[in-house]
Amino acid sequence: MTEIKAKGYLSPLTEEAKTNKWLYLKEWLCTTDAKRIGVLYLAFSAVMGLFGGILSILIRIELAHHGPVLFADPSLYNALPGFHATAMIFFFIIPAFTGAGNFVVPIQIGAPDMAFPRLNLAAFWILPPAALVTFFGFFINSLPEFGWTGYPPLSNNVYSGMLGADFWVLGLVLVGVSSTMAAVNFLATIFNMRCKGMKLFQLPLFTWSIIVTSFLILAATPVLTSALLMLTFERMFPGVFHFFNPAGGGDPVLYQHLFWFYSHPAVYIMILPGFGIISSVVQTFSRKHIFGYVLMAWSMMAIAVLGFVVWAHHMYTTGIALEVRVGFMFLTMLIAVPTGIKIFSWMATMWGGSLKFDTPMLFAIGFIAMFTLGGLSGVVLASVSVDIQLHDTYYVVAHIHYVLVAGSMLTLFAGLYYWYPKVSGKMYNEFWGRVHFWLTAIFLNVTFFLQHWMGVAGMPRRYYDYDPQFEWANMISSGGAVVLFLAQLIFVANLVWSWKYGEDAEDNHWYGDGIHLEWMVPSPPDHHNFPEPPEWKPIIRQHVSADQPGGLWHRQQ
Amino acid sequence: MSAQDGSVMEGPGPGEESLGVTNGKIGMWTFLVMDAMTFAGILAGYARLRWTPDSMWPFPIDAFGVIGIQLTALNTFILICSSVAMVHVLAEQMRGNMDRAEKWLMATIGGGLIFLGIQAFEWTHLIIDKFHLLMDAGYNQNFPATFYLLTGFHGMHVAVGVIYNTIILMAIRRGRVTKDHTSTVEIAGLYWHFVDLIWILVFTFVYLI
Ligand SMILES: [Cu+2]
Numbered sequence: 031m032t033e034i035k036a037k038g039y040l041s042p043l044t045e046e047a048k049t050n051k052w053l054y055l056k057e058w059l060c061t062t063d064a065k066r067i068g069v070l071y072l073a074f075s076a077v078m079g080l081f082g083g084i085l086s087i088l089i090r091i092e093l094a095h096h097g098p099v100l101f102a103d104p105s106l107y108n109a110l111p112g113f114h115a116t117a118m119i120f121f122f123i124i125p126a127f128t129g130a131g132n133f134v135v136p137i138q139i140g141a142p143d144m145a146f147p148r149l150n151l152a153a154f155w156i157l158p159p160a161a162l163v164t165f166f167g168f169f170i171n172s173l174p175e176f177g178w179t180g181y182p183p184l185s186n187n188v189y190s191g192m193l194g195a196d197f198w199v200l201g202l203v204l205v206g207v208s209s210t211m212a213a214v215n216f217l218a219t220i221f222n223m224r225c226k227g228m229k230l231f232q233l234p235l236f237t238w239s240i241i242v243t244s245f246l247i248l249a250a251t252p253v254l255t256s257a258l259l260m261l262t263f264e265r266m267f268p269g270v271f272h273f274f275n276p277a278g279g280g281d282p283v284l285y286q287h288l289f290w291f292y293s294h295p296a297v298y299i300m301i302l303p304g305f306g307i308i309s310s311v312v313q314t315f316s317r318k319h320i321f322g323y324v325l326m327a328w329s330m331m332a333i334a335v336l337g338f339v340v341w342a343h344h345m346y347t348t349g350i351a352l353e354v355r356v357g358f359m360f361l362t363m364l365i366a367v368p369t370g371i372k373i374f375s376w377m378a379t380m381w382g383g384s385l386k387f388d389t390p391m392l393f394a395i396g397f398i399a400m401f402t403l404g405g406l407s408g409v410v411l412a413s414v415s416v417d418i419q420l421h422d423t424y425y426v427v428a429h430i431h432y433v434l435v436a437g438s439m440l441t442l443f444a445g446l447y448y449w450y451p452k453v454s455g456k457m458y459n460e461f462w463g464r465v466h467f468w469l470t471a472i473f474l475n476v477t478f479f480l481q482h483w484m485g486v487a488g489m490p491r492r493y494y495d496y497d498p499q500f501e502w503a504n505m506i507s508s509g510g511a512v513v514l515f516l517a518q519l520i521f522v523a524n525l526v527w528s529w530k531y532g533e534d535a536e537d538n539h540w541y542g543d544g545i546h547l548e549w550m551v552p553s554p555p556d557h558h559n560f561p562e563p564p565e566w567k568p569i570i571r572q573h574v575s576a577d578q579p580g581g582l583w584h585r586q587q
Numbered sequence: 039m040s041a042q043d044g045s046v047m048e049g050p051g052p053g054e055e056s057l058g059v060t061n062g063k064i065g066m067w068t069f070l071v072m073d074a075m076t077f078a079g080i081l082a083g084y085a086r087l088r089w090t091p092d093s094m095w096p097f098p099i100d101a102f103g104v105i106g107i108q109l110t111a112l113n114t115f116i117l118i119c120s121s122v123a124m125v126h127v128l129a130e131q132m133r134g135n136m137d138r139a140e141k142w143l144m145a146t147i148g149g150g151l152i153f154l155g156i157q158a159f160e161w162t163h164l165i166i167d168k169f170h171l172l173m174d175a176g177y178n179q180n181f182p183a184t185f186y187l188l189t190g191f192h193g194m195h196v197a198v199g200v201i202y203n204t205i206i207l208m209a210i211r212r213g214r215v216t217k218d219h220t221s222t223v224e225i226a227g228l229y230w231h232f233v234d235l236i237w238i239l240v241f242t243f244v245y246l247i
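First to last, the sequence lines map onto chains A and B.
Quick note: the first sequence uses the working numbering, first residue 31, plus one each step.
Quick note: the second sequence uses the working numbering, first residue 39, plus one each step.
Calculated from the structure, these hints are not laboratory results.
Treat the hints with care, as some may be off.
Claimed, not checked - If the Cβ cut is set under 8 angstroms, some of the chain B residues that face chain A in the computed set are: (1) P50; (2) P52; (3) S56; (4) L57; (5) I64; (6) G65; (7) I80; (8) S93; (9) N178; (10) N180; (11) P182; (12) F185; (13) L187; (14) G227; (15) H231; (16) L235.
Unchecked claim - Residues of chain A placed beyond 10 angstroms of chain B at every Cβ, according to the derived structure: (17) K51; (18) Y54; (19) I84; (20) I89; (21) P104; (22) S256; (23) L288; (24) S413; (25) G532.
Glycine residues also receive a C-beta, built at the ideal position from the N, C-alpha and C atoms.
Could you build the full structure based on these sequences and the hints that come with them?
Here you go:
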């Protein structure tokens, strides 16, 4: 039996586990250490991300030519977009950010662990069963075809009587419970367990983003839960409950209101932690303090608050009053202001900085460029008159993928490469990291850019087939999607290989330029994060131009 | 600093910079934000279904009758009294008088049980004698549906609260919650007062206006 020679928090806790890999595995699966739970979250979300990716490849293969390609039966195809969205949103992006938060946040605030370690473990362990429940329809061949939105009447028991739909709803409720538990834990940890000197406006922006995201989760997710509960009751007892059924005095638009009251803030749940990651990465690789720190924190709060009053921009075509729609249009466009503050602050941070173009920074810059595109197409969609034309076309698909793939996913990659030396104690292969970046950056544009045009030209989303005039563009899009997916395998292989064979990482790995507490502890950190409670020397934030003392970190010393 | 491995039951405590309360209290407050939003979602649905033109929603007085409303008003009073009893539990515990705290806690639990009993009676009565008459009279079918959802979801919270308080009662009897563990009782009290508060909202929406 070989001995397990891992360092830091990766090392076995007991003597027996050192030689028995099953005991070591059990130690991991029952761990209450936030760092290990974070790694579990990330591993789980990687699996689900690949699953969601495979679903998207199936969709794109089917759409490569017009007419049937892969599925003779359109109803199987109809189920795929909804499950692709479900896998990516609820089981890939949200858990991945929760995982990153679990690892990084307690260290960044100088705490030994999360406030409720066992709740933390429970929140993680709800996820795998929730995934099984959500996707149970695949095992019993009963897949709902109502997309990820599940609008009634399409999703009621008359049009979607299949058992798989009930499992899907139940699975989503479970995911909601899990992410709420994580949010409660994050807030208690961040508000109450900061080390000496770590005032609220000293917190790293990633930790700030987790605070704002947790509030979004607390306030938004339960509204989705209540809508799903109503939907379930209506599906289970159609004679008694008629919430969304006009024949019984109900209102189908009510579901849409409740659903989007969650699902619009959900896009910020999926992007704000990414904003936090980019703020960390940009300042480290520019060797400058983040520009406009206080405004960066407040703009995240502004985005969160505004995010709750814009939901009806998804419902311009449902027949709500024009005055109401115009109001929502105005509020939606207002969100571009705090978002713009963030984009410009990142650029101002880089301005005059001593830039280093390692993989995390490449992803950060790629994100800023691509996300701006996604944000701008969002402003286009926000205008009522334009949206009535573009609603339910591929333009919407293009927009959401520029926001979530070019947004959330690129930030996630930036964060994973950035903290990988800290998490594993090893260094990933820089060459393959850059190959991964360039393939991803190029082929996500190949995949999604033409979809803007398809949408404007009138190709509807979610359909099994399309007009032959769109064939060339769909062909390019499908080819891009396949390469994009294969490029992610490079990423997985790189990280897995480096975990074992990579070079040892430094404690403050990125040229000694990390300024937050996670870079002050060994790589990988110890079981308890800090041998004794650390003290944070407050950063005095004032504007210093790059050629003045204090403008660049290396000139400070 | 407390250890992190699974053998230690308690989580780590507050850090140097904190809000000056226990971690558990922040946990409960944030949980209640979430719970309040769940009720907000259901209540918003209720409002939307009820206050639309031609919704054919019966007036409470027609649906429940004077006796029905009075009985539920009494039930509301019982739940408020139970909440007051919970305040006394904490007060007595802080004075170090665990015997009296235990008695007040029993009163709290008793109030919750009586509330659930009266509500079960009310449900049975409405299902057997009332709702089908309303439906025959052409009223909105979502009147009973929302009634079940709102009062049922709230009743579930009362049931959870009764179990929660019973666990604390047993912990007091076994000496695991003593006069030093005020935050445990305080956190349970937060939950119980919240359930009370939500009921006042539900009662107002369903029975009064
Ligand atoms: Cu939206």
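So, going through the hints one by one against the coordinates:
1. P50: holds, 5 angstroms
2. P52: With a closest approach of 5 angstroms, the P52(B) hint holds.
3. S56: Where the cut-off is 8 angstroms and the nearest Cβ of chain A is about 4 angstroms from S56(B), the hint holds.
4. L57: Holds, about 5 angstroms.
5. I64: Hint on I64(B): holds, closest Cβ of chain A at ~4 angstroms, below 8 angstroms.
6. G65: G65(B) check passes; min Cβ-Cβ to chain A is 5 angstroms, inside 8 angstroms.
7. I80: holds, 5 angstroms
8. S93: holds, 7 angstroms
9. N178: Hint holds; N178(B) Cβ to chain A Cβ min 4 angstroms, cut 8 angstroms.
10. N180: holds, 5 angstroms
11. P182: holds, 7 angstroms
12. F185: Interface hint status for F185(B): violated (11 angstroms vs cutoff 8 angstroms).
13. L187: holds, 7 angstroms
14. G227: violated, 18 angstroms
15. H231: Because about 18 angstroms separates H231(B) from the closest Cβ in chain A, which is outside the 8 angstroms limit, the hint is violated.
16. L235: Violated: closest Cβ of chain A sits about 16 angstroms from L235(B), beyond 8 angstroms.
17. K51: holds, 18 angstroms
18. Y54: holds, 14 angstroms
19. I84: holds, 33 angstroms
20. I89: Nearest chain B Cβ is 32 angstroms from I89(A), so the label holds.
21. P104: Holds, because the least Cβ-Cβ distance between P104(A) and chain B comes to about 34 angstroms, which exceeds 10 angstroms.
22. S256: violated, 3 angstroms
23. L288: Its Cβ does come within 10 angstroms of chain B, the nearest being 6 angstroms, so this is violated.
24. S413: holds, 26 angstroms
25. G532: holds, 26 angstroms
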